[in-house]
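Generate the whole structure from the sequences, applying the supplied hints.
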Amino acid sequence: MSLERSLFRWSFWALVYLLAAPIYIVKWLLGIRKLLGRFDVVRSGVIPCPHCKRKNSLNTLASCRRCGTTEFGSRLFCTNCHQVMKAFACDFCSATVRVL
Amino acid sequence: MDFLNMLIDWLFRSNQKESYRRALEYEAEKAGGTLGQNEIFARAREELAAGDTTITFGHLARDQLIAVSLQVALMSALIIGATGSGKTRLLLHLLTTLLRRLFRVSPDDAPFDFELELVDPKLETFDLLGQYLAAMWLSAGDEARERIAGSVRVIDWSPDAVTPFAPFDNAGGDVSNAYLAFLRTDVAIQSSPQAYTESLRQARFMFNRLLVERRFPPNYRFAVRLFTNERYRRTILEGVPDADVRSYFEAVDRTLPRQTRDALLRRIQSDMSFPEVRLSMGIPPAEIDKLVRVSGRPIVIGNYGCSMSLPLSMGKERASYRIIDILLAAPRRDPRRRGLLVLEESPVLLSGSSELGEPLMAAARTLRSAGMGIWFCAQDLANALPSQVVRTLLLNTRWWSVFQSREEAEWIYPHVVPPDDDVEESEADRHREFLRAVHGLRRQHFYLLVKGQPALPLRAPDLPDPEASAGETASKLREVFRREIASQSMVSAKVASRLIEEWESRVVDQSEVPPPTASKTKPTVSNVDDLLRQLGVKKGRKQS
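As they're listed, the protein sequences go chains U and Y. When you line the first sequence up against the numbering used here, it's residues -13 to 86, in that order. When you line the second sequence up against the numbering used here, it's residues 721 to 1264, in that order.
Hints listed in this document are in silico derivations from the structure and should not be mistaken for laboratory results. Cβ atoms here follow ideal geometry from the backbone N, Cα and C, with glycine treated the same way. Worth double-checking, as some hints may not be accurate.
To be verified - Each pair of labels, with its calculated beta carbon distance range:
id: 1; chain 1: U; residue 1: Lys13; chain 2: Y; residue 2: Glu1147; range: 55 to 61 Å
id: 2; chain 1: Y; residue 1: Arg1162; chain 2: U; residue 2: Ser80; range: 45 to 51 Å
id: 3; chain 1: Y; residue 1: Gly1172; chain 2: U; residue 2: His37; range: 20 to 26 Å
id: 4; chain 1: U; residue 1: Lys20; chain 2: Y; residue 2: Asp772; range: 44 to 50 Å
id: 5; chain 1: U; residue 1: Lys13; chain 2: Y; residue 2: Asn758; range: 24 to 30 Å
To be verified - For lysine-lysine, the following DSS-like pairs were computed, each having C-alpha atoms within a straight-line distance of at most 30 Å:
id: 6; chain 1: U; residue 1: Lys41; chain 2: U; residue 2: Lys20
id: 7; chain 1: Y; residue 1: Lys1214; chain 2: Y; residue 2: Lys842
id: 8; chain 1: Y; residue 1: Lys1171; chain 2: U; residue 2: Lys41
id: 9; chain 1: U; residue 1: Lys39; chain 2: U; residue 2: Lys72
id: 10; chain 1: Y; residue 1: Lys1010; chain 2: Y; residue 2: Lys1214
id: 11; chain 1: U; residue 1: Lys72; chain 2: Y; residue 2: Lys750
id: 12; chain 1: U; residue 1: Lys20; chain 2: U; residue 2: Lys72
id: 13; chain 1: Y; residue 1: Lys1196; chain 2: U; residue 2: Lys41
id: 14; chain 1: Y; residue 1: Lys737; chain 2: U; residue 2: Lys20
id: 15; chain 1: U; residue 1: Lys20; chain 2: U; residue 2: Lys39
id: 16; chain 1: Y; residue 1: Lys737; chain 2: U; residue 2: Lys39
id: 17; chain 1: Y; residue 1: Lys750; chain 2: U; residue 2: Lys39
id: 18; chain 1: Y; residue 1: Lys750; chain 2: Y; residue 2: Lys737
id: 19; chain 1: Y; residue 1: Lys1196; chain 2: Y; residue 2: Lys1214
id: 20; chain 1: Y; residue 1: Lys1171; chain 2: U; residue 2: Lys39
id: 21; chain 1: U; residue 1: Lys13; chain 2: U; residue 2: Lys72
id: 22; chain 1: U; residue 1: Lys72; chain 2: U; residue 2: Lys41
id: 23; chain 1: Y; residue 1: Lys750; chain 2: Y; residue 2: Lys1010
id: 24; chain 1: Y; residue 1: Lys737; chain 2: U; residue 2: Lys41
id: 25; chain 1: U; residue 1: Lys72; chain 2: Y; residue 2: Lys842
id: 26; chain 1: Y; residue 1: Lys842; chain 2: Y; residue 2: Lys1196
Structural data, given as structure tokens:
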């Protein structure tokens, strides 16, 4: 493979990344905005079930689904394996409550 | 790991300490650890009183009144405890409070409309409630007095006056004639101390069917003539629409052994030989309609106690008849008007009577939809009834008040909130201490358990004696009750005796058989004779 051809290929990919960068930045910004919005719910510590409307606490004595660590803290995050759960089953009606 | 995941990880880590603290608090609260006894009682007090109208059950140690919403209070319940522990007083407090509201005795009483049926096989509650009603009547104005006298129906029997009662009258048509006769037969047999063979039972059932078909009262002389005089029997059977009854009695000389017939007559004679029973049940149903107004009286208080003057089986039989009538009519009642059936000494009624026990157990499960509750009052409930009956009662009652008792204390122990300074005591010690405390509860003190709430240690409200509240003696109050209230639904023994004699002379001696009254139940057609009879075509019958 000639140097020119290799340079051309790298330039092409650099251009693609450069052109895609604003799209990714916008995507990240939107993601961060959405995440921070959702994280307010995590900070409040309570979320109502969309089905039965009863309030579920997000901070409980919970076990990680992946590594099995049981600890007092957020039921959505494991401090041992860093597993993040985006949803959990309502304590009252067992319907899925999506948080993140 | 992408950027967003890193951010999530960082956010959770930054919030970790707060999450830990909150999780600890939440779990402690869930276990009830952070709330003290006072807070738990205060919350229960608030939740129990949620509703438009409430009724006071008693007060906690710090004079905090515990009132329960009437919606809950009038559901099925258990009032249990030893003799003299105060359960009758609590019952009377609740009933008199409700009655004052129904009769609107004073302007302060919040009006409340309901129906009450008291079944008392021991006389005491009936007698005391009668005195309280008399005291209410004396203290009320003219309008309230009329309301009291017009609303209360008294079921009682004494040698001087009786409440007429027609056990074989199916004018209401709630059930078929055959089923009414079946229920009456079964109750009579189960209440009776005498033994019944299969053929004797069948003979009694068919005799009761005939009484229902003809709307006749039970009468020994009628029974003797019916079974011994074939010609008279044919006259009686004329116009009986039920072909089964006709064919049974037409062939009764061949199919019923003489010994069985005599045994049946002996039992009828034995039942009807007591004047109170004969006078109350012997009046023809058609005459009862003219004598007293039975319908439109929402309060029915019944004395089924025999107080040494009658065999206990008589009272039990009559109480069972009455309860069955209430249960049969209950599904057709207006559920918007709350109804309450109070069974004093319920084990006396429930033990050994499957014909009453089964409908009552079914009623405890289903009567809620008819707006009706049953209060079962009892002592030693855990041992007095079969375990499956006790279990049904425990499952199907909304609240329990447990006075001084033994085994029943175990039922409420899981719902008891220990005192705040009791945390160091072991579970076994606490359990033992609680049982000991319930065995020795003082009079008027009880635990109230409304399901879904903790058991509340209460002291029932002080209920002044009727004499004290009315300023009259007990005998004077009894006289007022008999004269002003009971007399509306009772007839004197003289009148009852005269009516029975007239009926006997007309129907038994002179064979003047009144035409059978039209029953609301559909007449059966099982052969051509029935069809012709219903079409009004008379068929010639040779009289023997």
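So, going through the hints one by one against the coordinates:
1. U:Lys13 with Y:Glu1147: 55 to 61 Å: At 58 Å between Cβs, range holds.
2. Y:Arg1162 with U:Ser80: 45 to 51 Å: Once the Cβ atoms are compared, 47 Å apart, the range 45 to 51 Å for Ser80 of chain U and Arg1162 of chain Y holds.
3. Y:Gly1172 with U:His37: 20 to 26 Å: 22 Å, holds
4. U:Lys20 with Y:Asp772: 44 to 50 Å: 47 Å, holds
5. U:Lys13 with Y:Asn758: 24 to 30 Å: 56 Å, violated
6. U:Lys41 with U:Lys20: 22 Å, holds
7. Y:Lys1214 with Y:Lys842: Distance ~26 Å between Lys1214 of chain Y and Lys842 of chain Y Cα, so the pair holds.
8. Y:Lys1171 with U:Lys41: 23 Å, holds
9. U:Lys39 with U:Lys72: 19 Å, holds
10. Y:Lys1010 with Y:Lys1214: Within the cut-off at roughly 16 Å; holds.
11. U:Lys72 with Y:Lys750: Status holds; Cα separation ~24 Å.
12. U:Lys20 with U:Lys72: 13 Å, holds
13. Y:Lys1196 with U:Lys41: 62 Å, violated
14. Y:Lys737 with U:Lys20: With a Cα-Cα distance of about 24 Å, the restraint between Lys737 of chain Y and Lys20 of chain U holds, given a limit of 30 Å.
15. U:Lys20 with U:Lys39: Distance of about 23 Å is within 30 Å: holds.
16. Y:Lys737 with U:Lys39: Given pair Lys737 of chain Y, Lys39 of chain U holds - Cα atoms ~28 Å apart, limit 30 Å.
17. Y:Lys750 with U:Lys39: Holds. Lys750 of chain Y to Lys39 of chain U sits at ~19 Å (cutoff 30 Å).
18. Y:Lys750 with Y:Lys737: Since the Cα atoms of Lys750 of chain Y and Lys737 of chain Y sit roughly 20 Å apart, the hinted pair holds (cutoff 30 Å).
19. Y:Lys1196 with Y:Lys1214: 24 Å, holds
20. Y:Lys1171 with U:Lys39: 23 Å, holds
21. U:Lys13 with U:Lys72: Roughly 19 Å separates the two Cα atoms, so the pair holds.
22. U:Lys72 with U:Lys41: Holds. Lys72 of chain U to Lys41 of chain U sits at ~17 Å (cutoff 30 Å).
23. Y:Lys750 with Y:Lys1010: 65 Å, violated
24. Y:Lys737 with U:Lys41: Holds, at roughly 22 Å.
25. U:Lys72 with Y:Lys842: 66 Å, violated
26. Y:Lys842 with Y:Lys1196: 21 Å, holds
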